[in-house]
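Novice: What follows is the residue order along each chain.
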Amino acid sequence: MKRTVIAAAMALGALAMSAGWANADPVDDELEIDGVKMITRAKAPEGHPFDEVYSGWLFREADTRAMEADSIENPAMTAVDDGEAMWNKVEGTAGKSCASCHGNASESMKDVGAHFPKWDASTNKPINVELQINKCRTEQMGAEALPFDKGGQQELTTYIKYQSLGTPVSIDLSQGEMQKWWDQGKELYYTRTGQLNLSCASCHEVGMGKMIRADHLSQGQVNGFPLYRLKSGLTSVHNRFRGCIRDTRAEMPKAFSDELMALEVYVTWRGTGLSVETPAVRH
Amino acid sequence: MKSGRTILGAFAGGIALAVAFGVASAGEMAPGDIKIEDNMVAMSVSGADGNAEEGAAAFKNRGLGNCLACHVNSAMSKELFQGNIGPSLDGVAERYKPEELRAIVVNSKAVFGDETVMPGFYSLDVGKHVREDLVGKTILTSQQVEDIVAYLTTLK
Numbered sequence: 047m048k049r050t051v052i053a054a055a056m057a058l059g060a061l062a063m064s065a066g067w068a069n070a071d072p073v074d075d076e077l078e079i080d081g082v083k084m085i086t087r088a089k090a091p092e093g094h095p096f097d098e099v100y101s102g103w104l105f106r107e108a109d110t111r112a113m114e115a116d117s118i119e120n121p122a123m124t125a126v127d128d129g130e131a132m133w134n135k136v137e138g139t140a141g142k143s144c145a146s147c148h149g150n151a152s153e154s155m156k157d158v159g160a161h162f163p164k165w166d167a168s169t170n171k172p173i174n175v176e177l178q179i180n181k182c183r184t185e186q187m188g189a190e191a192l193p194f195d196k197g198g199q200q201e202l203t204t205y206i207k208y209q210s211l212g213t214p215v216s217i218d219l220s221q222g223e224m225q226k227w228w229d230q231g232k233e234l235y236y237t238r239t240g241q242l243n244l245s246c247a248s249c250h251e252v253g254m255g256k257m258i259r260a261d262h263l264s265q266g267q268v269n270g271f272p273l274y275r276l277k278s279g280l281t282s283v284h285n286r287f288r289g290c291i292r293d294t295r296a297e298m299p300k301a302f303s304d305e306l307m308a309l310e311v312y313v314t315w316r317g318t319g320l321s322v323e324t325p326a327v328r329h
Numbered sequence: 004m005k006s007g008r009t010i011l012g013a014f015a016g017g018i019a020l021a022v023a024f025g026v027a028s029a030g031e032m033a034p035g036d037i038k039i040e041d042n043m044v045a046m047s048v049s050g051a052d053g054n055a056e057e058g059a060a061a062f063k064n065r066g067l068g069n070c071l072a073c074h075v076n077s078a079m080s081k082e083l084f085q086g087n088i089g090p091s092l093d094g095v096a097e098r099y100k101p102e103e104l105r106a107i108v109v110n111s112k113a114v115f116g117d118e119t120v121m122p123g124f125y126s127l128d129v130g131k132h133v134r135e136d137l138v139g140k141t142i143l144t145s146q147q148v149e150d151i152v153a154y155l156t157t158l159k
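The listed protein sequences correspond, in order, to chains W and Z. For reference, each letter of the first sequence is one residue, going 47 to 329 in the numbering used here. For reference, each letter of the second sequence is one residue, going 4 to 159 in the numbering used here.
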């Protein structure tokens, strides 16, 4: 009996090798950054299609994984520095910087980024870190809102989320109408778009662990954003959402549109329990 | 002789025009008119025979079939980075008749069900919010479908 099982396993292994499935699964490896152990596998929250959620780090090649594990090598660490400079920079008519109100980010922003998006009662919508920065700028600093991906938005967001490095992602769906936005995000996640007729789930749920050309399909978790992509540099989560949708040959929703905010709520929830890895390094 | 050449030139120009504007040639089926019965499309959708050599080129072209994005094909082992979202196409001609291969390429969802990830390459049953310049257009032309089917039938 035991011998049969082993033979079957070997046959399966040979099949996997011959078909090039050698790295079809998330790797068995542990991530530690500057002495902080990252949670890259976590039990999925109730109602999740997977039993276990995996960080995208587990799907990357060894050299990419090593690049994230070493903060000297991580190319996005310069964005953390740039974000810190921005945190302390006075802008706007009120003569304030972020630090004027929030002081030392390593204390005031500790773990904060792990719990966004949150409910924003004033706009009656969810709010993410980028939009919270803009809210502070326009309402407290008398400064212009930063346009999408510009003016240091990615760097400052990176810096703020970096203060949660290692903290497990969790968002509060009981706030305001967060549950309704989660529902809308879930619907979008499973909606096929474009000429190629693909949904988020087509690749990141059905295809998870498989190869699309040279790309190993992950669960599409967002716990590492903003992150450094080897092919496009520092990348925000809405930029990545738009890129994925573009690749289905569809028109892209605008950054921070209701659709993409709902998707951010839902996809963030799908990564509940994974450490914030910002700034992660990915393919 | 001179007038003959002019006529020939005008004829060639007409073909170029027809191709450029996607005018249906005689015997071409519009995507909406194709009947998939018993998982088969019986007749050529372009009205012409497929060319396996052209089909191999369209098969691996990342802007056309891009079939290797999701399928292994050992006959093209020089092509790096073959995906495995779908099954290997090694020996696919032994598993399916040409009419079945045509149906799968035209609209795999009519064969495998709505859940399949594979796009319909000659179908207007597509996703939402299709990019504006692609509205009403198929991924492949009817002749590219026939060429790819002709190529697939060589995979034994």
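Wrong hints could be hidden among the right ones.
[Stated by the list, open to error] Each computed EDC-like pair below joins lysine to aspartate or glutamate, with the alpha-carbon atoms no more than 16 angstroms apart:
id: 1; chain 1: Z; residue 1: Lys140; chain 2: W; residue 2: Glu223
id: 2; chain 1: W; residue 1: Lys181; chain 2: W; residue 2: Asp166
id: 3; chain 1: Z; residue 1: Lys81; chain 2: Z; residue 2: Asp93
id: 4; chain 1: Z; residue 1: Lys112; chain 2: Z; residue 2: Asp128
id: 5; chain 1: Z; residue 1: Lys131; chain 2: W; residue 2: Glu233
id: 6; chain 1: Z; residue 1: Lys140; chain 2: Z; residue 2: Glu31
id: 7; chain 1: W; residue 1: Lys164; chain 2: W; residue 2: Glu78
id: 8; chain 1: W; residue 1: Lys226; chain 2: W; residue 2: Asp293
id: 9; chain 1: Z; residue 1: Lys131; chain 2: Z; residue 2: Asp117
id: 10; chain 1: Z; residue 1: Lys159; chain 2: Z; residue 2: Asp117
id: 11; chain 1: Z; residue 1: Lys131; chain 2: W; residue 2: Asp166
id: 12; chain 1: Z; residue 1: Lys112; chain 2: Z; residue 2: Glu40
id: 13; chain 1: Z; residue 1: Lys131; chain 2: W; residue 2: Asp293
id: 14; chain 1: W; residue 1: Lys171; chain 2: W; residue 2: Asp293
id: 15; chain 1: Z; residue 1: Lys131; chain 2: W; residue 2: Glu297
[Said to hold, decoys possible] Short, incomplete list of chain Z residues facing chain W, as computed with Cβ under 8 angstroms:
id: 16; residue: Pro122
id: 17; residue: Glu135
id: 18; residue: Gly139
Note that these hints are calculated values from the structure, not bench results. Beta carbons: idealized from backbone N, C-alpha and C, even for Gly.
Novice: All hints, please: hold or fail.
Specialist: Here is how each hint holds up against the structure:
no.	hint	result
1	Z:Lys140 / W:Glu223	violated, 39 angstroms
2	W:Lys181 / W:Asp166	holds, 10 angstroms
3	Z:Lys81 / Z:Asp93	holds, 15 angstroms
4	Z:Lys112 / Z:Asp128	holds, 9 angstroms
5	Z:Lys131 / W:Glu233	holds, 13 angstroms
6	Z:Lys140 / Z:Glu31	holds, 15 angstroms
7	W:Lys164 / W:Glu78	violated, 28 angstroms
8	W:Lys226 / W:Asp293	violated, 27 angstroms
9	Z:Lys131 / Z:Asp117	holds, 15 angstroms
10	Z:Lys159 / Z:Asp117	violated, 28 angstroms
11	Z:Lys131 / W:Asp166	violated, 29 angstroms
12	Z:Lys112 / Z:Glu40	holds, 13 angstroms
13	Z:Lys131 / W:Asp293	holds, 13 angstroms
14	W:Lys171 / W:Asp293	violated, 28 angstroms
15	Z:Lys131 / W:Glu297	holds, 9 angstroms
16	Pro122	holds, 5 angstroms
17	Glu135	holds, 6 angstroms
18	Gly139	violated, 10 angstroms
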